[in-house]
Amino acid sequence: MTDIGMKYERLIQDLRQDFRPQREWGEGRGLFLVIGHFLVGVAAGAWLFGLLFGYLPGLVVGFLLAGAGGIAHLAFLGRPERFWKMARRIKTAWVARGFLGLTLFLVGAALYLPPLLLGSWPWGPASAIAWLGWLMAAAGMVVLIVYMGFVYTASKGIPFWNSPLHPVLYMAYAFRGGAAALLVAMAALGIPSQDTAERLITIWIGVTTVVIVLFALEIQGALTSGNVAARRSVREMLAGRVAVYFYGGTLVLGLLVPLVLVSGQLAPLSLAVLAAIGLFSAVGDFFMKYATIRAGVYLPLDPRPLRRR
Amino acid sequence: MRWGMVIDLKRCIGCYGCQLACKAEHGTPPGVYYARVLKQEEGHYPTVRQLSLPVLCNHCEDPPCVEACPTGASFKWEEDGIVDIDHDLCVGCRSCMMACPYTNRYFNDQRQHYFAQGMTPYEEARTGSHQHNVVMKCNFCRDRVRAGKLPACVANCPTIARTFGDLDDPLSEVSALIKERGGFTLHPELGTGPSVYYLPP
Amino acid sequence: MNLYSPRSDMPPIQEDAWVPSTCSLCYGTCSILAHRVDGVVVKIEGNPDSEVGKGRLCGKGVSGIMTHYDPNRLRYPMRRTNPKKGLNEDPGWKRISWDEALDEIGEVLRKLRADDPRKLVVQRTTTVTACRVPFHAFATAFGTPNFSVSGGGQHCGNGAHLISGMMHASWSVVPDFEYCNYSIFFGASKGHSAGHASCSNMGKAADARARGMKMVVVDPLCNFAAAKATEWVPLRVGTDAALALGMCNVMVNELGIYDGPYLQAKTNAPYLVGPDKLYVRHPESKTPLVWDTRTNGARPFNEVPAADMALEGEFTVGGISCHPAFQSLREHLRKFTPDWAEKISGVSAATVRRLAKEFATEARIGSTIVVDGVALPYRPVAAIAFRGAQGHKNSVYNFFSVTLLNHLVGAADVVGGCLGFNPTSHGYPETGMVRYLPNADPDGLMIVGSWMGYHYPYPPAQPRLPQNLGLQDLFTIGMTSPFLDSTDREEMWEKFDVPYRPEVMINCGANLVMSIANKDAVAASLSKYKFIVSFDLFLTETSNFVDIILPDCDYLQSLDARSNYPFIFSLPAGMGEWCWPIRQPVLPPEGDQRQFADVLLELADRVGFRADLNAAYNAWLDLRPPYRLVGDESYSYERICDAELKNNFGTERGLEWFKEHGLIKWKKKPEEVYWRPFVDARVPVYLEFLKPIGDKIAAIAEPRGLKIPLEYYEPLPDFLPCRSHCCDKPGFDFYGFYYRDVVHTNSFTMENPWLDETARLDPFSYAIAMNRSEGVKRGFADGQAVWVESETGRKVKGRLKLTEGIHPEGLGFAAMCGHWTDGQPVAKGKGVFYNDLLELDWEHTSPININLDLCVKVRVVPAESAS
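Chains as they are written, first to last, in numbering that gives the first Met the number 0: chain A, 0 to 308; chain B, 0 to 200; chain C, 0 to 866.
Just so you know, the hints here were simulated from the structure itself, not pulled from any lab data.
Backbone N, C-alpha and C define an ideal beta-carbon position, used for all residues, glycine too.
One thing to keep in mind: the hints can contain errors.
Selected chain A positions facing chain B (in silico; Cβ < 7 Å) [claimed, not checked]: (1) R9; (2) L10; (3) M85; (4) R88; (5) K90; (6) T152; (7) G156; (8) R240.
Subject to a maximum C-alpha distance of 27 Å in a straight line, what follows is the list of computed DSSO-like cross-link-like pairs (lysine-lysine) [claimed, not checked]: (9) B:K38 <-> B:K178; (10) B:K9 <-> B:K148; (11) C:K494 <-> C:K690; (12) C:K342 <-> C:K776; (13) A:K6 <-> C:K776; (14) A:K90 <-> B:K75; (15) C:K518 <-> C:K84; (16) C:K213 <-> B:K9; (17) B:K38 <-> A:K6; (18) C:K690 <-> C:K276; (19) C:K527 <-> B:K38; (20) C:K84 <-> C:K529; (21) C:K827 <-> A:K6; (22) B:K38 <-> C:K668; (23) A:K84 <-> B:K75; (24) B:K38 <-> C:K356; (25) B:K38 <-> C:K110; (26) C:K110 <-> C:K690; (27) C:K695 <-> B:K148; (28) C:K84 <-> C:K690; (29) C:K706 <-> C:K276; (30) C:K494 <-> C:K356; (31) C:K690 <-> B:K38; (32) B:K178 <-> C:K213; (33) A:K6 <-> C:K796; (34) C:K690 <-> C:K118; (35) C:K213 <-> C:K110; (36) C:K83 <-> C:K527; (37) C:K518 <-> C:K83; (38) C:K664 <-> B:K148.
Isolated chain A, as found in the complex (with noise of 0.2 Å):
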C-alpha cells in the first residue's frame, strides 16, 4: 500500500476510536516539529550557559542549534514558503511569539557572534550593532525558553497537555538541554577551568532533579484530574503506544545512562564520559519531548450535559 494509502488507513482507525490520538505533530512529517522543538529549547539553554559561563563555544553552539532548529520547523510546515506570516499574530498565539522569539535570536546571535569568532569584520565586539545583537539575542533566548510550554497548553484538544506545569516543566528541559550541551561542547573543545565543569555538571544535576519531581507532578495531575482523555495519554505513555521511548528514551537513556555516567561509578568523569553524560541526557530531553507529544490523545465528545467522568 502507498505511504498516503497507509495513512489513510490510520486516520480512518483513528476516527473509529473513543480515544484518538494526535499524530499531526509527532509523526511523519510532524517529527520535525519535535526535532525543532527540542533543539530550539536546547539552543536558548546552551546561549543562556554560555552568557553565564561566558563560554563561547556555548552561543556558537546554540547560534547553529537553534539555526538548525529554524530549518527543522520549515520542513514541519505546510507552507514552509509562507513562514514569515506567523508574525502576523504576536498579540495572541504563542507559536507566533515563539517565532518572533527565534527569528529575535537568530538575527541577534547573527549580528553579535561573527566580531567575537573573525578578526575582521565591519563592526566590532563592543559596537552599537554588536549590542544591539546581544540584546536581541537574550530577548529572543528568554521567549524561546518560556514560550514552548505555553503552546502546548493552549492546545484545548489536547487535555494531557493543559497542565499548568506544563510551561515551567519546558522551561525546565531548555535549563537541562543548554547544560547537557555545554557539557559536550567542553568535552569536544576542552573545558574551560575545572571549576566551571563541575559548575556545570551541579547545575545539570539539579534541572534534571527539577525536571524529574515536574514530570512525576505533571504525570499525577493528569491522573487525579478526572478527565479521560489526560488519563487515556498518561497510559500511552507508561503502558502503550509510546512507552517504549518513554522507557528506553526517557527512563533509560535519558535518566538511568547519564546519572550512573555522574555517579562515577562506571568510569571516572572523563571528557568522554562528559560528552556522553551531556549527549545521552540531550537524547532522554528528546525522548521526553516526543514521548509527550505522541501520547497526546484528544478530547472525546460527550453530549450527555457536564457530565463528570
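Following the hints, complete the assembly by docking chains B and C onto the known chain A.
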C-alpha cells in the same frame, strides 16, 4: 448577528445525510468530514439507546483555534461570527488542530482522490479546488448562507433535525429552541462559547 | 514539500443548471435536483417541490455522484472468451461492439422464441424501479412467465407485500405519522432507514416523535428505529408472531377490547364457518352467509346491515353447525397466553399484557375526528411489520399476526392508524387518469386497485400443475420464487413434469450470486444456463456467469416517466399531495453505455416481436387512444414515455413539460388517504381461502412425493417455528440474522467510496453485532475476528462489535457486504457476506409463500487472522 445552529438529538436518526451532503457540497478529500455523525451507545441490556451525535465546527465565540493561529489564517468574521480559514495565510503548522477541543479541523496533505485510478471529474471540480498542505474545516457554508441558502447539512437533513439562524436575535427559531427545549453545548466547561447547540435526545 | 496551488486556471463557468430528476441509490426513488456545472455534476440535492423526499436526501442519495463517476463503471459491451463458468473462473472478457452484442443476443432470442419462449428467465434488481415496466413488458411480449427480482421477493416481499396487499391494498404499511399516538414496529424501521418513501418518512417520523408519539420497537437489535424508540422490546429472533398473537389474545379475551362495528363491516369476522373450517355459503349464489341477529337467520353477507351481523354464537344452518369466523378466531387466540408468548419470544408476560393494554386503550375505539372537513374514524394506534418480522419460514402468519392487531381495533387506513401506501387514488383531477380503487370479489373480500406484477395478493390463483420454473402457479400465495436457483430445483422440476428448463437469462443489474442465498447454490444454477446477458453498471460476482455484459446507463443518464408510480410503492402515505416525478438524463452516456429500455426495444425489433412489445407496453402503462402504441411501429423509449405522460396528464403535459417542471402535484383528499370507510370491501381476519388452496396444492404435490405441511395453510395464524428454533446442536447458541443498514442498499452501494468510508467509520456497518455480556462470557473482545458457522457447515468470517443493544441470543449482520469481485475494488473485502450462511431449498422455504427462512442457528469461534 451571530450565526448558530441547533441540532435536535431527538429527531436525528443517524442517517449520515449531513455528513455526506457536506462532503458532496465541498468535495472534501478522503477521510475529511467537516460534519460528522458520531454514534454512542447508552445503557445496559435491555434498557439501551443508540445516540447519534452530529458534530461540526462550533464556530465558538471565543475560539481557541483563532487564538492559537500564528498567522491569522484562522479568524472570526466580525459581521456574522463564522470562524473561517483564509487559506492563503495558513502555513500548515496545525496548532489550531491541537487547540480545537472538538477535533473538527483537518489537514489537507498531498493531492488525494478516492479511486486508485485517479481523480474523477467531480473531484477535479470540487476537491481539486482546495489548497494543499493547509488546514481545512467547516465554515457554515458561508457562500451559501450569503446567497440566502441554508448550509448544506441543514438544508439536507431528512428529519429536519438541524436549524440555522441568528443567535443574537431573541426571536429567531434557534434562540427559541434553545430556550424552550434546554439547548446545551459540548464541553461548556472549556469556555469556548460554541454556536452549535444541541437539544436533548 | 508540495507547492500545489489553487485552481487559478479555472475557466469561467459556462453552464450552471439544476436538473430535476429522481435518485436510484435505493428503490425509494426520492426526488433530486442535480447540479450540473460545465458538464460535471457537482452536487445532488433533494427537490423541495416534491413530496418524495421533500427536498432532502439520505446519505446515499447525496453520494450518487461517486457511483456515477466511478472509474470502474462498465463502458462497453463485453463477451466472455472462456467458456467455463465458475466463481473463480476468469471469464476472459473481450470488448465487442453493440452490433456484435445485439446480433448474437438477437440470434439467441430468436431461436429460443421459436423453440419455447418460456425458457427465457428475466431477472431484475429491485433497486432500479425504472426497469420494472420495460423488463416486464419485454418478458410478457416475448412470452415467458419466468420473471424474478433476485433476493427481492424472497427476503422481504413474499410476506410483507403479500399481507400488506391483502389487508391494506398496498405494497407496504406505515403508521399514520401525522396522527398516530402509539405505534409498534415489529422488525421494521419505517422512517428511520432506507426504502419506501424513506426520506419523506424520516421527516414525518421525526415530527411524530417530537409530537409525542410513543414508539415501541420489537426487534432483536437496537438500531435504527429501535435506537429512537420510546421502548425497545428485544425478542428472540423470528418470534414476532408469538408476541403479536399473545397481544391479540390479551386484547380480545382478557381485556375484551375490540372494534366490533369495524369487524362487522370491514372484515370477514361475521362470516359463518362450518366444521370444515370453510365459509357456509348460500346453496345457489354461493355467497358467504352471516347470521342476521334481527331476523334470526342466516343470510348472504351483502344483504344484511353490518350492525346486525353476529360476531359470536353457535348456529345451525341447513343442518350444519357453524359460528361466525370471529368466534373461531377468539377461541383460537386463547391458547396464546402471555406465558406461552414469554416462553417462545423471551418477552415477559407482564410486558405482553402491558403492550396489549396500552395499544388497545390508545386505539380509542369508537372515536372520530374531522380532517379537512371530512368526519373519519380515529384510531391513533398502528402496528407495522416489515422485512425483519416476516423474513422467516412462518412469514405469512408473522406478518398477518401483526396487522391483525390493527384490524381488531379498527386501526386500518383510518386517521392515526396503520396506513397502506396510497391504496386508493381518485385520479388526476383534469384527466381522471391514474385512478384506482380497491374493490371486492364475490366473497366480499378486497382486491387491490393497484399492484406490481406477478399476481394479485387476493384472490389467490387456483393452484395447478406448475408451468412456471418458479412453481408460483402451484404455490399461488407466493410471489418471487427460490426454485429458479435452489439446489433442489431440478428435482422439483422433475417431480412436477415441468416441460422445459431455463436456458437463457436476461438480467438487469441484479447480483444474484450474493443476494439470494449462499453463493454456491446460485453459482451452480447459473452455470447451467446456456446464455446469460446482463445489463450492469459494474462487474459483479454474478458477472462470472454472464456471456455478454452490456454497459448500463445509471440514473443520472437515464429517462423514466414513472419514477414513483405505482403510488403504492414509493409515494409517501398519509395526507399531503399526490406527486408524479420523472427521471431525466442529466449527463450523457460515457463510452458505449446505453439505456436498457432502448436496448430492449431494439432487441424486440431485431427478434421480430415489436408488435407484442408495443401491446405489452399498452397494457402495462394503461395507454388509451390517441396515445396507444400502434402495431409494430418502432417507437423510441422517449416516445413511449411522452405517450404515457400525455395519456395521464393531458396533451400539453408530455415529456418536454415534465423535463422542465420535473413533476406534477395535486392535493390528496381525506377520502383517498383514509379510504377504508368509503370502499365497500372487507379483509380477512380468518384466512378461509388458504385451506382450499393448501388442499389443492397437496393434492397435486403429494402424489409426486412432496409433502406439504398443511399447518401453514390453516385459516387462523399460529406460531410455527423456523428451523433455527428447532436446532439444538450443542455450541450453536446464536440466532444469526441480517438487517438493513441506512447507508447501504443490497450489494450495490459498497462500491461507492463515500458510503464505504462512512460505513467503515460506523460501529455496526461492517461488523457482526453480539451481546456484550454474552461475548465477554465467551471470551470475545470487541473487534475480534471470528468465524460464524451455520448448522449445515457454512461459514463466514467477520469482526465482532460487542454491544448492549442486541438480544443475548442474537447475532446481527448489517447489510449484504463481503464482496470479492475485482470489478468493484472499493467494495471488495468490506463487511460480512451473511447470505452465504443461507441454504436455498424446499426445507428452508416457507411452504406457503415460498419466502426464504432467513435466520440461522450458528456457532461463533475465534478466527486467527484479520478479516
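Each hint tested on the structure:
no., hint, in the structure
1, R9, "violated, 10 Å"
2, L10, "holds, 4 Å"
3, M85, "holds, 4 Å"
4, R88, "holds, 5 Å"
5, K90, "violated, 10 Å"
6, T152, "violated, 10 Å"
7, G156, "holds, 5 Å"
8, R240, "violated, 18 Å"
9, B:K38 <-> B:K178, "holds, 26 Å"
10, B:K9 <-> B:K148, "holds, 25 Å"
11, C:K494 <-> C:K690, "holds, 23 Å"
12, C:K342 <-> C:K776, "holds, 23 Å"
13, A:K6 <-> C:K776, "violated, 36 Å"
14, A:K90 <-> B:K75, "holds, 16 Å"
15, C:K518 <-> C:K84, "holds, 14 Å"
16, C:K213 <-> B:K9, "holds, 13 Å"
17, B:K38 <-> A:K6, "holds, 23 Å"
18, C:K690 <-> C:K276, "holds, 8 Å"
19, C:K527 <-> B:K38, "violated, 46 Å"
20, C:K84 <-> C:K529, "holds, 11 Å"
21, C:K827 <-> A:K6, "holds, 20 Å"
22, B:K38 <-> C:K668, "violated, 40 Å"
23, A:K84 <-> B:K75, "holds, 18 Å"
24, B:K38 <-> C:K356, "violated, 34 Å"
25, B:K38 <-> C:K110, "violated, 57 Å"
26, C:K110 <-> C:K690, "violated, 42 Å"
27, C:K695 <-> B:K148, "violated, 64 Å"
28, C:K84 <-> C:K690, "violated, 44 Å"
29, C:K706 <-> C:K276, "holds, 21 Å"
30, C:K494 <-> C:K356, "violated, 50 Å"
31, C:K690 <-> B:K38, "violated, 49 Å"
32, B:K178 <-> C:K213, "holds, 24 Å"
33, A:K6 <-> C:K796, "holds, 26 Å"
34, C:K690 <-> C:K118, "violated, 32 Å"
35, C:K213 <-> C:K110, "violated, 60 Å"
36, C:K83 <-> C:K527, "holds, 11 Å"
37, C:K518 <-> C:K83, "holds, 17 Å"
38, C:K664 <-> B:K148, "holds, 24 Å"
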